[in-house]
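Let the sequences and hints guide you as you build the complete structure.
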Amino acid sequence: MSETTLRTPLYDAHVGLKARMVPFAGYDMPVQYPTGILTEHTWTREHAGLFDVSHMGQCFIVAESFERAAEAMEALVPADIRGLAPLQQRYSQLLADDGGILDDLMISRSAYPGRLYVVVNAGRKEQDYAHIAAKLPKDVKLERLDGEALIALQGPEAEAVLAALNPEVRNIGFMYFKLLDLAGCKDVHVSRSGYTGEDGFELSLSAADAVKLWNVLLKDERVKPIGLGARDSLRLEGGLCLYGHDIDETTSPIEAGLTWSISKPRREQGGFPGHTRIKNELSNGGLKRMRVGIKPEGRLPAREGSIIQNAAGREIGKVTSGGFGPTVNGPIAMGYVDIAHAAPGTPLFLLVRDKAIPASVVKLPFVPNRFKR
Amino acid sequence: MSVKFTEEHEWITVEGGVATVGITTHAAEQLGDVVFVDLPAIGKKVEKGKEAAVVESVKAASEVYAPIDGEIVAVNTAIADEPSLVNSDAEGGAWFMKIKIANPSQLDSMMDRAAYDKFVGK
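If you read the protein sequences in the order shown, they are chains A and B.
Each number in our numbering comes from the position in the first sequence (counting from 1) with 4 added on.
Each number in our numbering comes from the position in the second sequence (counting from 1) with 5 added on.
The reader is advised that the hints may include incorrect statements.
Straight-line C-alpha distance at most 25 Å; calculated DSS-like pairs for lysine-lysine [what the hints assert, rightly or not]:
hint, chain 1, residue 1, chain 2, residue 2
1, B, K127, A, K22
2, A, K22, B, K123
3, B, K127, B, K49
If we take Cβ atoms under 8 Å as the criterion, some of the chain B residues that face chain A in the derived model are [said to hold, decoys possible]:
hint, residue
4, G37
5, D38
6, V40
7, F41
8, D43
9, V59
10, V63
11, K64
12, A66
13, E76
Calculated directly from the structure, the hints in this document are not laboratory data.
These numbers come from a predicted model, not from an experiment.
Here a beta-carbon is modelled for each residue, glycine too, at the ideal position from N, C-alpha and C.
Written as structure tokens, this is what we have:
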């Protein structure tokens, strides 16, 4: 028997837009609207795409002070949390004791005193919440925000669209947020971040406000609704990891190419799970494999699970995400390869239906990120 | 002659002992945007229900099964060059392959248009 699928507050809106709904991480989610993934993908790169990501897990970490909450969180993730400026956000990973990634997440220093605002993956939230709650000291609590919705507006016209509702959005820097009133919705958490490689915003707000704002935004001709299909092709072109595919409990942040998300002092000093492995992988010769971008020659996409071979035909890794990049206009993939084959330009073969497809290691991202720094 | 359909969402027309095979409009809609088509080699022997071609959408790869035993005598290179034809003209110009029929009795169990429409719940 299948478990009951959950619905986001925007379920009726998706059905009204004739979305194709599919089960994803326990939710009934729109994979695409009638125009299709290619059109949705390109629209987001050129205009503004509106995404319902309410399935993701939102919570507060609550303590007597920001410093106390940050200290508790730093025991679970390798990022510099104590150094967060007010209203600043960082990307990090929840780590297991062996340095494997339990989930990747966004952590912000809340506008409310003594609070961190955290967003985790839909498919991992129950495990994450249980893990975090079990590890937090007694005076620090996890407070779920299950009733809240989360919508993302991504693309080069996202700023102008939101600025028409509140010009203050122009003053939000990349990886910062503000609490703003938008179209009559009070105190919307407007963060300048996203998962498409484009400039854009993620908006956390109540379920009722989400329905209201979703409809207001769709009245703007620069905005179209975008499903999970295009969200996946956009993030793949952007070289961004998808949990459960490109990163999981077997991969470390260093292998995954996420070293940039760990501050230099924390790399040295540790104080988070898996530091032994991470320090070793950062030392000479410690890193055995690495996530890389792969560009297959020709038009045939290599999907997740395809075996990667070196030029001599020896298996050196597997594709973790692969498909067709609409903006690249060709097949693209990411995967882990033996460190000796991780340099851009290295020739490889990908096995697709018993055919060895020539490919090469390329720098990520496939499409330049256009975050507003 | 009239078009016939399989439960695997292929359409088939027969002329002079050769079957022209494609995927249905319904199947193309379900696949979404087609970005790559892998066609069989001419001369390849195919078997009913076994993989004959592969169609890749942005999301996933899907097999196209041979609806009948026989030999590939032609493939439609136009859809290899322009895979989006599968979405825009699935039951017309976007045929996949022509199969020289080895076992005509296999046609008997196929659906007609009305039965196929009922099968997909139209």
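Hints versus structure:
Under the criterion of a C-alpha separation no larger than 25 Å, the hint pairing B/K127 with A/K22 is consistent with the structure, at around 16 Å. At roughly 22 Å between alpha-carbon atoms, A/K22 and B/K123 fall within 25 Å of each other, so this suggested pair holds. Between B/K127 and B/K49 the CA atoms are separated by roughly 35 Å; this puts the pair beyond 25 Å, and the hint is violated. Taken as an interface hint, B/G37 checks out: its beta carbon lies about 6 Å from the nearest beta carbon of chain A, inside 8 Å.
The restraint placing B/D38 at the interface with chain A holds, with a minimum CB-CB distance near 4 Å, inside the 8 Å limit. Of the supplied interface hints, the one on B/V40 holds, with its beta-carbon coming within about 4 Å of a beta-carbon of chain A, less than 8 Å. This hint holds: B/F41 has a C-beta 5 Å from the nearest C-beta of chain A, less than the 8 Å allowed. Because the smallest distance between the Cβ of B/D43 and any Cβ of chain A comes to about 7 Å, under 8 Å, the interface hint for this residue holds.
Of the supplied interface hints, the one on B/V59 holds, with its beta-carbon coming within about 7 Å of a beta-carbon of chain A, less than 8 Å. Here the hint on B/V63 is kept, as its CB sits about 4 Å from the closest CB of chain A, short of 8 Å. At its closest, the beta carbon of B/K64 sits 6 Å from a beta carbon of chain A; the interface hint therefore holds under the 8 Å criterion. The closest approach between the C-beta of B/A66 and any C-beta of chain A is roughly 6 Å, which is under the 8 Å cut-off, so the hint is satisfied.
A least Cβ separation of about 21 Å between B/E76 and chain A goes past the 8 Å threshold, and the interface hint is therefore violated.
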